[in-house]
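First to last, the sequence lines map onto chains F and G. Per my numbering, residue 785 is the first one in the first sequence, and the count goes up by one each step. Per my numbering, residue 785 is the first one in the second sequence, and the count goes up by one each step.
Hints may contain errors.
No distinction is drawn between identical chains; accordingly, a pair holds when it is met within one copy or between any pair of copies.
[Claimed, not checked] Here are the simulated DMTMM-like cross-link-like pairs (lysine to aspartate or glutamate), alpha carbons at most 25 Å apart as the crow flies: (1) K882 with D960; (2) K808 with E1394; (3) K935 with D877; (4) K855 with E1398; (5) K974 with E944; (6) K814 with E847; (7) K1263 with E1051; (8) K855 with E1394; (9) K882 with E1307; (10) K1335 with E1074; (11) K949 with E975; (12) K808 with D1323; (13) K1148 with E1169; (14) K855 with E1051; (15) K991 with E1191; (16) K974 with D933; (17) K899 with D933; (18) K1148 with E1351; (19) K949 with E938; (20) K949 with E977; (21) K1058 with E1074; (22) K927 with E1310; (23) K1094 with D1176; (24) K1263 with E1120; (25) K1182 with D1272; (26) K927 with D937; (27) K927 with D870.
The hints are simulated quantities; they were obtained by calculation from the structure and are not laboratory data.
There are 2 protein chains.
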Amino acid sequence: MRIRIEQIEVLPGYPRLNTEKILKLIEKAKSDKIECVIFPEMSIPGYLIGDEWERNSFINECEKYGKLIEKSSTEIIVIFGNIAIDRNKINEDGRVRKYNALFTAENGSFIKSKKTGYPYTIKTLMPNYREFDDNRHFFDPRKLAYELDLKIDELITPIETEHFKIGGILCEDGWDADYNLSPIKILADKEAELIINISSSPYTLNKNDKRNRVFSDQADRYNLPLIYVNNIGIQDNGKTVYTFDGYSSVYNNSGKIIGSIEPFKEESLTVDIKKVDKNIRAIIPEDNIEMQYNAIQYGTKKFMSRYGLKKIVVGVSGGIDSAVVAALYSLILPPENLLLVSMPGPYTSDTTYNLSEKLSENLKASFMTIPIQPSVNLTSLQLGEPIINYSDKSNSIKLDVTDFVLENIQARDRSSRLLAGVAASFGGVFTCNANKSEMTVGYSTLYGDLGGYLATIADLWKGEVYELARFLNESIFKKEIIPQGILDIPPSAELSSEQNVDEGKGDPFYYPYHDSLFRSWVERWERATPEDILEWYMDDTLEKNIGYDEKVKDLFKNHEDFISDLERWWNLYQGMGIAKRIQAPPVLAVKRRAFGFDHREAQLGARYSERYFELKGEILSLTPNPEGLLIV
Amino acid sequence: MRIRIEQIEVLPGYPRLNTEKILKLIEKAKSDKIECVIFPEMSIPGYLIGDEWERNSFINECEKYGKLIEKSSTEIIVIFGNIAIDRNKINEDGRVRKYNALFTAENGSFIKSKKTGYPYTIKTLMPNYREFDDNRHFFDPRKLAYELDLKIDELITPIETEHFKIGGILCEDGWDADYNLSPIKILADKEAELIINISSSPYTLNKNDKRNRVFSDQADRYNLPLIYVNNIGIQDNGKTVYTFDGYSSVYNNSGKIIGSIEPFKEESLTVDIKKVDKNIRAIIPEDNIEMQYNAIQYGTKKFMSRYGLKKIVVGVSGGIDSAVVAALYSLILPPENLLLVSMPGPYTSDTTYNLSEKLSENLKASFMTIPIQPSVNLTSLQLGEPIINYSDKSNSIKLDVTDFVLENIQARDRSSRLLAGVAASFGGVFTCNANKSEMTVGYSTLYGDLGGYLATIADLWKGEVYELARFLNESIFKKEIIPQGILDIPPSAELSSEQNVDEGKGDPFYYPYHDSLFRSWVERWERATPEDILEWYMDDTLEKNIGYDEKVKDLFKNHEDFISDLERWWNLYQGMGIAKRIQAPPVLAVKRRAFGFDHREAQLGARYSERYFELKGEILSLTPNPEGLLIV
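With the rest of the complex left out, here is chain F (with noise of 0.2 Å):
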């Protein structure tokens, strides 16, 4: 069978739209000679389009869309994703009933299935981790299975075709590892010919490695070609921005990739499924930094240009973070449309300073130079002056504006006095230059240095950025555009004299070693808590568990001073961290847990467990005193 994948790009929430291409690609697979071809997962409405399935008109129009395609099916075989509705049932939450599902169209009508009498294949294994609600808007089989009082194994049947026994899967059925049944297996058991897996799977690091493995390895366990189709584009939930890289590949039935699309590429692939065609390319991308970075252009190229976005603003400090921001936007606009922002303060050396302005004659942005001191010592005058008398006149108030409210009082005033005002001037956006080890400790200013449209670089840890910064120069541009310097000077905020860059004076972080131990806390699958650290700590095994490469005995004075900093930055991250992401633009996706809607986070303060508080106390022979635990 000749079989055509077509990796597009599905815009969320745009069912017309992605149907008008789907049915051209249909026309033109027909006059191709194509005998089957494949769309991805929920090709119609998107996927990650928050709780828009609760509004009927919405999925009352991609279920029209999906009858357009139906129809087209003459000649040819179609398989595309879609919502499917069951206007006699309902979902557990009262509303209408709905799966996410696989439709295959033959002879202009879809074929059903015998089990269900459903005109399509319903996805199984529903994913509820990360970024994914399945569960929330589709109904799971294994619930419909006790509806029609059978077993979940006896609705999992094959498509039958005019060709093939498709075995049609979705997405995380081909995930099963962790799940009590198999789709695959079940479906190699009924004589499936050939799997298809329709997907709609963002972009994290190595994931497609992950993948490649896997299938690979149903392919070859199996005996069966597996085929499958995945979207690109980006889609979003809100805080967390997802790119969708495709990558849709095909293994035959030892396993073996015969061919791949190029990730981000809106391509189609050919196949046949008997003789297979040696010229095809195999294309495994390096999943590293640059991955990561096409992924963040990507992503960054299309959230702009879906809400139309056209100029952007970034203020540049000096530093490494804001000068890889800008390096990356002025890959993406020509350069009026960037616009570099210096706003040095009090603090602000000339190194730094001389820095941003040779960044932006290395990126030929346009360049201004905004100073914040007028305003920082008016906002002084005007909160330190004033006295304050009590309503019953019993005592009157001066406000004190200490050295550390002064430190967030210039960060605000550079992102929302200044930034915000010569963005909207400029007609364009400021962007958000946080890292995601900052994040992680809330090492930043709400409003200041949080403010922005979009965390471009957020999920990056700060040795990446720095790795980004490398390649964007060596790899990219090909010369020294991000200035040696800014590579070389201290990582600093330059609020106070204590962040002194010319005297080798910074951020209080010890890198790459806070990357490490932030790291194990966000991104471990199972979760690394202080406990945890304390724990490996005794064990002599901290450094192979969370990755770091040198002693972390080699970083302390002593284990007083260890634990210290453990906790400092732990009772950071649950506290003022969760207050500050809560209120954080949308990060833009690259890593297996990012900040947002993926790592869901509740306001209960920084906690220890009793086993941390004996675990501390043996380390520095003290009583453990579980006391004083809760912030009430």
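With chain F held as given, fit chain G onto it using these hints.
Just chain G now, kept in the frame of chain F:
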């Protein structure tokens, strides 16, 4: 059997503190000769705790504390909710198997289920709508049934104590109307003698009414007494903060409430099941503005005490929203800890300035005035004066600081420059005074009036804010504390000459029509879209469907005017409104659909269905034009 129900405040994330409280109450119950004491669902860990469930050190600790309670169950039966762990199995996310479970301890041991062998009863119905994410963390017993090769009905069995056969269920198990199985019915069929529903159920408007109807009906239908135990306190999911009202109740076997505990009170209730105690009060609070006021006061107070906040700054404009927020805090804080700040700008009228001064006098709060004109002028100059050269010197521009840009500069100057600095200097935080109507359509400035530590009244529609103001004056203060002038002037942002309150001008809303319209988009279970609005408009059922008491046609000159208003707000609700809500403060929820984690939104842009364009064409006698829907 003499039973005591304990309506405790559960501190989410603090298992040790919750356990200490429970152990004390068990000792007290023993000394009071109680035979069975019952605590709420998840009374050790808390329930809405985000992804905290993924931390093994946390859940291990919860399990350990559960065993302390087990041991304490000598001479008494103890029933409570906790996380249950099966370390030999996994969840579908690959993490350790977890259940949301009810534990029954008797004679120092948990009673085991004969079917599962587990020393606990598993929650059967798992809510996955609104703020609930049960399937994300807890294993569904319907999947367990498949694993054990049983039917789910077989897994559900009464708990056989020495006294009664208890039908133990958890929260959603009692709300079975939309499910294809009913745990209560199964338990009744298996001869349970008493239903005990332990819950962790947040307050939302009208839920208590519905709960009474549902539970009373169940008790009556199955001829069984039913005990409902819910916790109090606050719990959050980051973006949304929930109050738990408790309102634990006992229904006799004909469905009559024979006892209940007041909402938001940590109290116990003792009943003798068999011989009904006639002296027990039945509390049925009326669910209206008073109950919403109770929830808001309770939630705000708890939120502050959880984070140790003792001082509050409110920016007061002389308008209704800030006045109500200030009045609410005056009931929580001593006057010296409440600081009202007026920040008059170029368009602030004497009328509103005087009203805010009068308000602060009435509230006996501290008051300060900081004009924004000097900073707005400075910003305007700093933005508009510099000449920006293109990098290639081909052109140069000046930024265009338009009137619209200046409006937002004023709003950000107030919140990010002044209020944030004042709050930090004062040793407190500042409030967000947004209401739900404005939140819906993003009628607010990011980093401006949309800043703040908590959006206290953001789940109240504008009309309800007025209702609350009148309620506060009449029923709480019992005099005119919120000056009548604030209720009488038109709502206005006073950011331009177009919003002059003395000329009767203000915000571009027709209340209460827009409240009703927006409510239909946000709060209707079957969520309305512009398509529905036009259908109803044509049918003449719009008023009935959205709950608006007057005639919509009286508000608009003609059909065009009506439709352009509709599209204006829909575009904002689905466009900038979402972008702003992503970065908005946590919302204190009182409705069954609050912004944040309850109402999950993706940035899809404003879209209209084809049917919408048909209807619009019909109404305006136009040829429908569905082009240009996409904002790309």
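Item to check | Hint numbers not upheld by this structure, sorted from lowest to highest | outcome: Hint check: 7, 10, 12, 15, 18, 21, 25 fail, others pass.
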